[in-house]
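**Q** As a plain string of letters, each chain reads:
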Amino acid sequence: MNKTLTARLFGPKAWGFLLAFAILALIVVPLLNLAVPGSSPLHVSTYWVTLIGKIMCYAIVALAMDLVWGYTGILSLGHGIFFALGGYGMGMYLMRSIGRDGVYHSDLPDFMVFLNWKELPWYWQGTEHFLYAMLLILLIPGLLALIFGFFAFRSRIKGVYFSIITQAMTYAAMLLFFRNETGFGGNNGFTDFKRILGFSITSPQTRVALFAVTAICLIGALLLGRYIVTSKLGRVLTAIRDAETRVMFSGYNPLPYKLFIWTLSAVICAIAGALYVPQVGIINPSEMGTANSIEIAIWTAVGGRGTLIGPLIGAGIVNGVKSWFTVAFPEYWLYFLGLIFILVTLWMPRGIVGLVGQLRERLRGKETQA
Amino acid sequence: MTLTRTLICKAGLALCLLAGSLLAQARPSPELVMQIATGDNDAKIAALNAIAASADSEARPLLEALRDDNLKSLAGKQAIIYDGETATDAITGAKLAKVPEELDDVVTNNRVTSALEAALAALDITSTDRDTRLQAVKHLQDSPDPAILPLLDKALTTEKDSEIATLLRYTQASAQLHHPDKAVRMAAIKTLGDSGDPEARQLLGGLLEKDGASYKEADGDVRLAAQHAIIAINHHLKLGEILGGLFTGVSLGSILLLAALGLAITYGLMGVINMAHGELIMIGAYTTFVVQNLIRTHAPSLFAYYPLIAIPIAFLVSAAFGALIERLVIRHLYGRPLETLLATWGISLVLIQLVRNIFGAQNVMVENPAWLSGGIQVMSNLILPWNRLAIIAFSILVVAGVALILTRTRLGLFVRAVTQNRQMASCVGVATPRVDTLAFALGSGIAGLAGCALSQVGNVAPDFGQGYIVDSFMVVVLGGVGQLAGTVYAALGLGVLNKLLEGYAGAVLAKIAVLVIIIVFIQKRPQGLFAVKGRFVED
Amino acid sequence: MEEYTPFGHSDYQTIIANIKKFSSEGKKTAVISTINGDSNVPFYKELGNQGIKATDVPVVAFSVGEEELRGVDTKPLVGHLAAWNYFMSVKNPTNTAFIKEWTAYAKAHNLPGQKDKPLTNDPMEATYVGIHMWAQAVEKAKSTDTDKVIAAMAGQKFKAPSGFVLEMDAKNHHLHKPVFIGEVKSDGQFKVVWKTPGPIKAQPWSPYIPGNDKKKDEPEVKK
Chain P
1 MNKTLTARLF
11 GPKAWGFLLA
21 FAILALIVVP
31 LLNLAVPGSS
41 PLHVSTYWVT
51 LIGKIMCYAI
61 VALAMDLVWG
71 YTGILSLGHG
81 IFFALGGYGM
91 GMYLMRSIGR
101 DGVYHSDLPD
111 FMVFLNWKEL
121 PWYWQGTEHF
131 LYAMLLILLI
141 PGLLALIFGF
151 FAFRSRIKGV
161 YFSIITQAMT
171 YAAMLLFFRN
181 ETGFGGNNGF
191 TDFKRILGFS
201 ITSPQTRVAL
211 FAVTAICLIG
221 ALLLGRYIVT
231 SKLGRVLTAI
241 RDAETRVMFS
251 GYNPLPYKLF
261 IWTLSAVICA
271 IAGALYVPQV
281 GIINPSEMGT
291 ANSIEIAIWT
301 AVGGRGTLIG
311 PLIGAGIVNG
321 VKSWFTVAFP
331 EYWLYFLGLI
341 FILVTLWMPR
351 GIVGLVGQLR
361 ERLRGKETQA
Chain C
1 MTLTRTLICK
11 AGLALCLLAG
21 SLLAQARPSP
31 ELVMQIATGD
41 NDAKIAALNA
51 IAASADSEAR
61 PLLEALRDDN
71 LKSLAGKQAI
81 IYDGETATDA
91 ITGAKLAKVP
101 EELDDVVTNN
111 RVTSALEAAL
121 AALDITSTDR
131 DTRLQAVKHL
141 QDSPDPAILP
151 LLDKALTTEK
161 DSEIATLLRY
171 TQASAQLHHP
181 DKAVRMAAIK
191 TLGDSGDPEA
201 RQLLGGLLEK
211 DGASYKEADG
221 DVRLAAQHAI
231 IAINHHLKLG
241 EILGGLFTGV
251 SLGSILLLAA
261 LGLAITYGLM
271 GVINMAHGEL
281 IMIGAYTTFV
291 VQNLIRTHAP
301 SLFAYYPLIA
311 IPIAFLVSAA
321 FGALIERLVI
331 RHLYGRPLET
341 LLATWGISLV
351 LIQLVRNIFG
361 AQNVMVENPA
371 WLSGGIQVMS
381 NLILPWNRLA
391 IIAFSILVVA
401 GVALILTRTR
411 LGLFVRAVTQ
421 NRQMASCVGV
431 ATPRVDTLAF
441 ALGSGIAGLA
451 GCALSQVGNV
461 APDFGQGYIV
471 DSFMVVVLGG
481 VGQLAGTVYA
491 ALGLGVLNKL
501 LEGYAGAVLA
511 KIAVLVIIIV
521 FIQKRPQGLF
531 AVKGRFVED
Chain B
1 MEEYTPFGHS
11 DYQTIIANIK
21 KFSSEGKKTA
31 VISTINGDSN
41 VPFYKELGNQ
51 GIKATDVPVV
61 AFSVGEEELR
71 GVDTKPLVGH
81 LAAWNYFMSV
91 KNPTNTAFIK
101 EWTAYAKAHN
111 LPGQKDKPLT
121 NDPMEATYVG
131 IHMWAQAVEK
141 AKSTDTDKVI
151 AAMAGQKFKA
161 PSGFVLEMDA
171 KNHHLHKPVF
181 IGEVKSDGQF
191 KVVWKTPGPI
201 KAQPWSPYIP
211 GNDKKKDEPE
221 VKK
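Protein chains in written order, with the numbering used here: chain P, 1 to 370; chain C, 1 to 539; chain B, 1 to 223.
Just so you know, not all the hints are guaranteed correct.
Below 25 Å or equal to it, Euclidean Cα-Cα: the simulated DSS-like pairs (lysine-lysine) are [to be verified]: (1) B/142 x B/171; (2) B/201 x B/148; (3) B/185 x C/138; (4) B/148 x C/216; (5) C/210 x B/216; (6) B/27 x C/238.
Hints listed in this document are in silico derivations from the structure and should not be mistaken for laboratory results.
Make a model of the complete structure from these sequences and hints.
**A** So, in structure tokens, the structure goes:
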């Protein structure tokens, strides 16, 4: 452990890639979108900026999932709840900043007017302040994960049991958010946002800014993840994944380790959700659907569990293909998605990253023979 | 509702005195026929009530034509019965030489339909067929009209069947509540007190209402008797409600049990997380649908029995799919439960899309055959639907069958052996791969059975299985993995608990509460209700 | 009495029992059902088997049409009501042509389910009208630019399969449509028992909810 931090995190080549990505996302794409005229073939349209921004949000979620599943062996089938809570937190702020420009020109969000509510519920108080809303985005999902995780891990619920109860929790939350009385817009959720921090939410500049912020968060999450998995803490986590009983017999209490990574993962997820909502322009309870949460797991599996770059690749590829497939052959999308699930688990247990590794080894083997 | 209907009946009574009674036991008068064919809804109802009071059997063709939408009017001047081939004049009964071209439908709304049913019932009350009489008296009970009293008296003198006679007496009593003779009223109230019928309570309540300063029922004794009768009825109804609530819980429990039982085998005993379980249920339901259609077109005489025929076929089809899934995918994933979960989720997506491409995305119609339609009237406010009763019985049979297979057959022995210690079982010569396939096929086949049963209460659509997967897992996990008895208790417990909470808090909150209770419960007992006792090495 | 269920709810025993109890207390009872989609099937099955007939407790549904009834045995449901702006059973030349076109399309494209039993319903009709009006507006605006098309939409007219010429309100862009109330027939079609004389202007705000009288039916003109 006497290497410098930078050297510990990545090799020089990986740092190069990261720098290239940062330049691409923070300078090249914004320039191509804003400065290059729409007629030019080099122009990147706002549609693409939003789409890639959205996929980057998914990539952050996949990364968060990988920290708990790939590194610690805890499969959550309810990560959708943290993503959605983050999104709802941001959504509350965005709803409040519509101000009186809604359809009904009221101080209250439109859906409350629609339900004939006269004043803001208490939990909406203060959400017009951006910083407070940001705090909520971090704290609420974090607290929920902490409490849920504490009880679950203390009872030593693991494996499939844990997966199932996370699913139950998210399902229950979805039902709760579907109710109008819960105060989050029922099944319509929040939409029709106008501005964020005073900037119009639909303007290309805001879009690009959100895109850039998402890219920064993605890089940040990657660095943080890398920092954790290369640390001593990371070793313990991997050990818990591989043989929890032995870890206990070696004198470690797995509870705080699991709890830490679980809560962290939830918070990262929530940040992704908060970034997702202003770009997509809507948040509703379907984000907590069972299928969504399971899909998160497949992004991670497709890319390669237990590597940090894998989930990013997985989320990118699956969602990229989805965007194309659901337009080109909507009939066959489910076949494709289903087959990915089956093929990846059967023949690519280490995902795309693992596959590339295998191919490389095989090539190298040939070279040495020759 | 009954009150307004009685008012309308009164109007009909006046008319009946004018037109109907003079011509009783003859063809219905031309005025009545024209009123039915061309009058507005109120006129139609008045005319129908007049016919009901006269119980004029000659009116039957007219009423049946109206019921079957065969009564037409020609330019508002002539009433014609047209059965699709021949047209006859509804008044004279003469056959028309040729079918007129511009026949207008006689439109009936729900109020007219209900008057029509009462009129037909008045005719049927003297039918020789017991079921027809029973149906008829039930209809009449809905609209007790003093005008039909003579009819009821006559029917009572000849009625031998005790059930029908009782109903007739209740109807008679309802119609006698305003009888001028106090003794008759008192007797009627006493009879109604025993009926336990909410409609009767309504009628009795009417006696206690005030009409201006004075009570509608002037006699204090009669009012007191009515109050006692109402209390008696309320007790009866309360009992019915409690029993009904219990039944709904058990019924939901039996459905959960059927849905989860297959999973209890594949997951509980074999440790395979089968997310495609819901789709195996769906395949069972679609198999039932196909069997239904085939029988309808090729052997209509067997239609009533199609669910029975579909049961083994649904089992086999789902079992075949299960075996295929096990061979192709799950086989390669034993010992990797989380991967199995994802792979089977993928399978479920493929199956959903496959069915969608074959049958379409919309619901398909699976009909209840006659013997599974309707319900048995246990109490006046408690009907137990046949389809739910059948499912409860069916789930008991299936559980018994599974228990027999697991404890009394060679396959069951092998399955339990492999569950307990795969290596050891393999060492003593059990062909574990074969046992795996068979056990998985068994679990899948039971899912197919569940689909067959569910098609009788719910909708059948490509993605309907997804609605059951979360619930099924909850049942299995709550019951304790590897424990059939636990699954049974968990399913029934969840069903009753869910329905109990739904009564207080509504469906949404009840569902949320149940999920939260499960989560909390698993914290307390991570191994479920019935944990396997003993020491196990984890992982 | 107002009750809600989760989406995809499939067990209506308790709710039906409550309806029965309510109606047995002597109040004149009707059910307004806003149940959407698949849940209608278990709802109506339970309704039929619990012996609730339309003559006693009529159910008026806002989202049950021909397509939803496809999955239900309609015999026990005869007489229950639905309110729509179009029924397949409406008789007029435009509708006959519309149904014919759809039947041919379903056959030609081998649509599962539809090819054996083609059904049209209100949402289909609405989409059909919508896309034609959009096309008309595009032709009028000579552009597909969103804002220009929106402006050209105002006042568009189209002869709809419901048998009326529908017009888009020039100010609030709601469609003026006729309203039909139909009773379920045993073949899964509807018998129209009530209809408006012609298309009526949409009223976005129910006048029966207090406080709505101040809300305007038409938006203020954008500056």
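**Q** All hints are to be evaluated individually against the structure, with a verdict given for each.
**A** To see whether the hints hold, each was checked on the structure:
1. A hinted pair counts as satisfied when its Cα atoms are at most 25 Å apart, and residue 142 of chain B with residue 171 of chain B qualifies at roughly 21 Å.
2. Between residue 201 of chain B and residue 148 of chain B the CA atoms are separated by roughly 24 Å; this keeps the pair inside 25 Å, and the hint holds.
3. Simply put, residue 185 of chain B and residue 138 of chain C have alpha-carbon atoms about 23 Å apart, close enough for the 25 Å limit, and the pair holds.
4. Simply put, residue 148 of chain B and residue 216 of chain C have alpha-carbon atoms about 70 Å apart, too far for the 25 Å limit, and the pair is violated.
5. With a CA separation close to 45 Å, the supplied pair residue 210 of chain C and residue 216 of chain B exceeds the 25 Å bound.
6. For the hint linking residue 27 of chain B to residue 238 of chain C, the alpha-carbon distance of about 18 Å falls within 25 Å, and the restraint holds.
Checked against the numbered hints above, the structure breaks hints 4, 5 and satisfies the rest.
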